[in-house]
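Asker: So you can see what is in the structure, the chains are spelled out below.
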Amino acid sequence: MNIIETQNITKHYSRGKIRALEDVTLSVQSGEIFSLLGPNGAGKTTLIKLLLGIVFPTSGSATLFGKPISDASSHGQLGYLAENHRFPEFLTAKQVLFYYGKISGVNKADLQKRIPKLLEQVNLTGWENTKTRKFSKGMLQRLGIAQALINDPKLLFLDEPTDGIDPVGRREIRDLLKTLRDQGKTIFLNSHLLSEVERISDEIAILKNGRLVRKGSVDEFISIKAQFQLQLVDEFQKAGEICRQLQIPLIPQNGHFLISVRDDTQLNHLIDALRTAEITIRGIVPRKISLEDFFIDVIEEKEDATA
Amino acid sequence: MKLLAIIQLTVRESLAKKTFIAFLGSSTFVCLLFLFALNLDIVNGAESYISIFGSGPDKLFQLDELIFGIEGGIAAALFVAGIFLSLFATSSLIPSFLEKGTIDLLISKPLRRWEILLGRYLGAVAIVAFNIFYLVVFSWLILSIKTGIWNFGYLLAGAMIVLTFAILYAFMTLMGVLVRSGPFSLMLTYLIIFFTPFLLQRDQIYALLSNKFYGYLLDGLYHFLPKMAELGNITSQLVQGASVSSWLPLVTSLGFGILMLFTSTIIFSRKNF
Chain A
1 MNIIETQNIT KHYSRGKIRA LEDVTLSVQS GEIFSLLGPN GAGKTTLIKL
51 LLGIVFPTSG SATLFGKPIS DASSHGQLGY LAENHRFPEF LTAKQVLFYY
101 GKISGVNKAD LQKRIPKLLE QVNLTGWENT KTRKFSKGML QRLGIAQALI
151 NDPKLLFLDE PTDGIDPVGR REIRDLLKTL RDQGKTIFLN SHLLSEVERI
201 SDEIAILKNG RLVRKGSVDE FISIKAQFQL QLVDEFQKAG EICRQLQIPL
251 IPQNGHFLIS VRDDTQLNHL IDALRTAEIT IRGIVPRKIS LEDFFIDVIE
301 EKEDATA
Chain B
1001 MKLLAIIQLT VRESLAKKTF IAFLGSSTFV CLLFLFALNL DIVNGAESYI
1051 SIFGSGPDKL FQLDELIFGI EGGIAAALFV AGIFLSLFAT SSLIPSFLEK
1101 GTIDLLISKP LRRWEILLGR YLGAVAIVAF NIFYLVVFSW LILSIKTGIW
1151 NFGYLLAGAM IVLTFAILYA FMTLMGVLVR SGPFSLMLTY LIIFFTPFLL
1201 QRDQIYALLS NKFYGYLLDG LYHFLPKMAE LGNITSQLVQ GASVSSWLPL
1251 VTSLGFGILM LFTSTIIFSR KNF
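From first to last, the protein sequence lines stand for chains A and B. Residue numbering for the first sequence follows the numbering used here, beginning at 1 and increasing consecutively. Residue numbering for the second sequence follows the numbering used here, beginning at 1001 and increasing consecutively.
Bound-form chain B, shown alone (with noise of 0.2 Å):
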């Protein structure tokens, strides 16, 4: 219970900072232009002609193809911006709880400390994940019930990219414990955002090298950091409902996060506040 309350603070907190109301709205607003500008005329089953805001195009669409591309465009919107925004929105969250006069009480209470930063994590996750998962379900439920097309790869999708959200604020986390300053966390966190698809590039970056030791580093960067390209990959498949060709990228970047998430707790546990 003192866990949930931490959680749901976390949350409120969040929700006080525009952003979330911000993100919330124009997930709204995409929505319900969805609803009132994609108008579907059924014919002959799974061949359809869909009309936007009333002019129909020349040839007639697959219609799985296009709702596929709809969800897939959401997703890649989200993978990218919804990250990227989240990011920021939740980016004072660690440091703002880190500051004098509110962590005091807060250690004070009869919570471990691993509680308390556990708790404060959970809440922006759980913010984070409303935000896609509104999105996602709301837009998902309005093209299944338009087309017939039910595409779970979708939802499946919503929950990479909360993931991906996860492991990220993960390394945030830390970074707010160790410097305690939000736009420093940001942007390190930024950095691995653009910096690991790089990486998959590493053997042409090491060919242009002459030592020997860049090869081991690129290689350590790589199977270290979370994988930013290959999940974005992964995410891309379920939305298409194609077969996931490697696990291997989530289940490494999961590891960067929890590694992330528990020297945080253990540098938290020992800090003087």
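Pulled out of the complex, with its shape left as it was, chain A reads as follows (with noise of 0.2 Å):
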């Protein structure tokens, strides 16, 4: 089922000389984290903006759970994290969370209950009568995330959720993003940390200049087609000139070899002939490049191409 559905949505400034976004087409499925990356200026906050209904689109439309997002009572059902946002310095966090999960509708014997838990959860147990006045960025940005939770919402928006945020606790948000994901919760997430996304985003989307231009899973955008590695034990020369003759390219590469086949059912010929060659094939695995090198890739390549 898809949580999230935009038709062509646009969104134009100043009488359309700022094209913040323009004709963006998604959707994103129940369950799952979804990625939004792009440049500065691509039009990811934009876009999370158009679907809470915080600016409005130019033209196209979008729902969340299949009401159009002029609905605001699907909001009961989504928690949010903004960019720099800014919570009431004269509160205190659990204050914070009482306040902002009044405003969503949860009552008080709940919140009395979810309240530790979540403060547990970000770790900022010891600190719920501290005035967040007192706060550093990075314990905003705890306390953030556990006010988008407050609600125990199913669709969770989270613009730049590591924001000043130290290597450790990055870690334990991923883990709790992960956590969210298994209890069946759909994540939306701006992040320009890639390799955050890429260690816990099922698909992704890149946003440049405000168009849609790749969407997809993670995986298929960091497997290189037709190219893997190939670890052997030894007999390197043996299976050189089987290669050769097979011809396929073998690229020695830091203890092991690169191989680039044509399709699957060479690169089965080529098992079946260092089987019978009696080598020893300690692993295949297929090509990976960083999802940083895919996008600067795909960044680069647009921009080659509007050259």
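Zero decoy hints are in this set.
Okay, derived cross-link-like pairs now, DSSO-like style, lysine-lysine, Cα gap no bigger than 30 Å in a straight line:
no., chain 1, residue 1, chain 2, residue 2
1, A, 137, B, 1002
2, B, 1100, A, 117
3, A, 178, B, 1100
4, A, 225, A, 238
5, A, 94, B, 1018
6, A, 137, A, 178
7, B, 1002, A, 67
Source of the hints: derived by calculation from the structure; they are not laboratory data.
Each of the two chains sits in its own frame; use the hints to bring them together as a complex.
Answerer: Okay, here's the thing in structure tokens:
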């Protein structure tokens, strides 16, 4: 089931002078971590704001839980962590969660049970009665995540959730997001930290200049088609001979070999030939690049195309 | 409940600003001054002798006149200085909640936009009402218990002051939504307070002008804008126990306030943040 759907959604500012989003059509399935990537000013935050009704589309349409985005009733099932969010500085962490919980429609009894658990989940136990003006950026970010979870939402929008958080904290947040996904929640993530995104996302979309340029699973993007890493125990010369006969390029790389095959049939022929020659294969691993490399390729590729 | 949470949050934010605490402290000081300074000796029922800090006046006062005078003085001070200070103290409430990072979170909650703005507006009115009634009710109780003169018109005057603030704050809310600047909204609201009493003399102003258009303009402004001078008169009449000559200025001023609030919610509901 698609929990988020957009149809040619477009947002222009200043009477069309600023084109924040252009004809973006995408869908997000229930129970997955969906990440939105793009350079600064690509339209990532605008898309989140459109979906939440914070800004209005110039044209196109979108739905959340099958309801039009103009219907605020669906907001009871979602949580949102805004980029550079601000909490009233005169409130303590506990009071922030209490008031935002009440505004989200959570009753007092549920809040009293939920607040200590959430503070524990985001590692803020012991800080519940401290005013937020004394909090560091990282602590405010954790509190922001707790706030987004206060109504036990089915859909979570997180705009730069690990911003200002140290590596240990980032790992904890990553684990928390995985746990939430395992609980069946859908997470819409907007992050600059590509290594984080790569580790946790099921699907990604890349925006460039307000346009959707790629959308698919992380594996699909970071696996290089028909390139494998071949790991052998010995008999390297013999293996080289076999590859030459099958016209498969074999490139030594860091103690193993890189091979490029036409298709799966050729790969299987190679395996058969190696095994017939009694060469021990330790492993055949599809070659991958980092999401960061892929992202930069996509952004530069588009720039080249538009140049 | 969600609307109430916005109101509560606004009240807390107002209390966090030291202005209201100072207001509350000043009110308490004034009331305590009355409590300890006012020594009354009741003589023959209606005729009374009063001494302030122990020294008595040369002649006997009509006690009810004195009490009405004190209450009238407090009401007048509240009408002018109280509203002036309250507008100053609440001027940042609308622009501050429209800042990025705050308004985004609120809009993402299951509330309609007009509810968010209304909650904020009611929160500001609630804290001002609390401050004004604190002084009015406290001073009313002290004066009434000490003298036995229970002037309920004084309480109604308190309600009038809150209503006047609510009307002006509706205008300030609209300005806050439009320009997102507390000082700018405040200056325009102060302009209304000081400008509208001159409109009572619009016939004399018109006599100095040759063009008929100015006459229509001044008439239009008079009927459209809140009538501060008349609202002040109504407040004074209520305290003195006199019959109010006309409620029309209150009705038209309330109409202005409702229109401003309605326009604010329409604009707020269509704004990109």
